[in-house]
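Student: Here is how the chains run, residue by residue.
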Amino acid sequence: DVQMTQSPSSLSASVGDRVTITCRASQTISSYLNWYQQKPGKAPKLLIYGASSLRSGVPSRFRGSRSGTDFTLTITSVDPEDFATYYCQQSYAAPPYTFGQGTRVEMK
Amino acid sequence: QVQLQESGPGLVKPSETLSLTCTVSGGSINSYYWTWIRQPPGKGLEWIGDVFNSGTTNYNASLKSRLTISIDTSKKVFSLNLKSVTAADTAVYYCARGVVGITGTQFDYWGQGSLVTVSS
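So the protein lines, in turn, are chains A and B. Just add 1 to the spot in the first sequence (first one is 1) and you have the working numbering. Just add 20 to the spot in the second sequence (first one is 1) and you have the working numbering.
If we strip away everything but chain A, and leave its shape as in the complex, we get (with noise of 0.2 angstroms):
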């Protein structure tokens, strides 16, 4: 199965900071990237696919990105709405969906 490894794990920011999530696949996945948010007690919801398309409705201050088997969710000016967790996942090799572990974006 293809390891989707986030990093960091959590991270703080203040409001207006810029954010960036890494995410790094163990194999080559082309584009085949999505990000989710994930606010306590919510499901998750698609904000990013194909590594670098915006879902239509999600506001233009997220932004993704690939190099090579790097992926990067940016965030370019935080919000208050925008703290929550965020996951990545593939659709390379799949089935199985794998998904990163998470990455908590808390206000400092």
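These are calculated hints, taken from the structure and not from any lab test. Predicted model, so just to flag it, every value in this text is computed and none were measured. No false leads were mixed into what you were given.
Some chain A residues flagged as far from chain B (calculated, every beta-carbon gap over 10 angstroms):
1) Q4
2) T23
3) P81
Chain A regions said to be covered by chain B (calculated; three or more residues, Cβ under 8 angstroms):
4) 31 to 42
5) 51 to 58
6) 94 to 107
We put the CB at the ideal spot given by N, CA and C, even for glycine.
For this one, chain A is given, so just place chain B on it according to the hints.
Tutor: Chain B only, in chain A's frame:
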């Protein structure tokens, strides 16, 4: 607006079968992978398996021997049955819609989640 809703018991005894149903509304059930994903308390997401509208299934190898996923397209529901459960199966179980595009499969709509506790 597509909506998914899980239903089923919140408490299951060890060695028994966990059964959940997901009802789909507001959209077609055709041409999607109807998926189950679970999340143990305080932990990450684990893909369990899926079913296409044709009835074709894919299962996580770690659960395959205990798992059955089925679909009833006429009622727009799909179901999960996991037998011989243990405490390790305690989790929030989500149903989700998998949509296939040119850059793979994304889970674009999710149910609100159903907490299932395995305990005697």
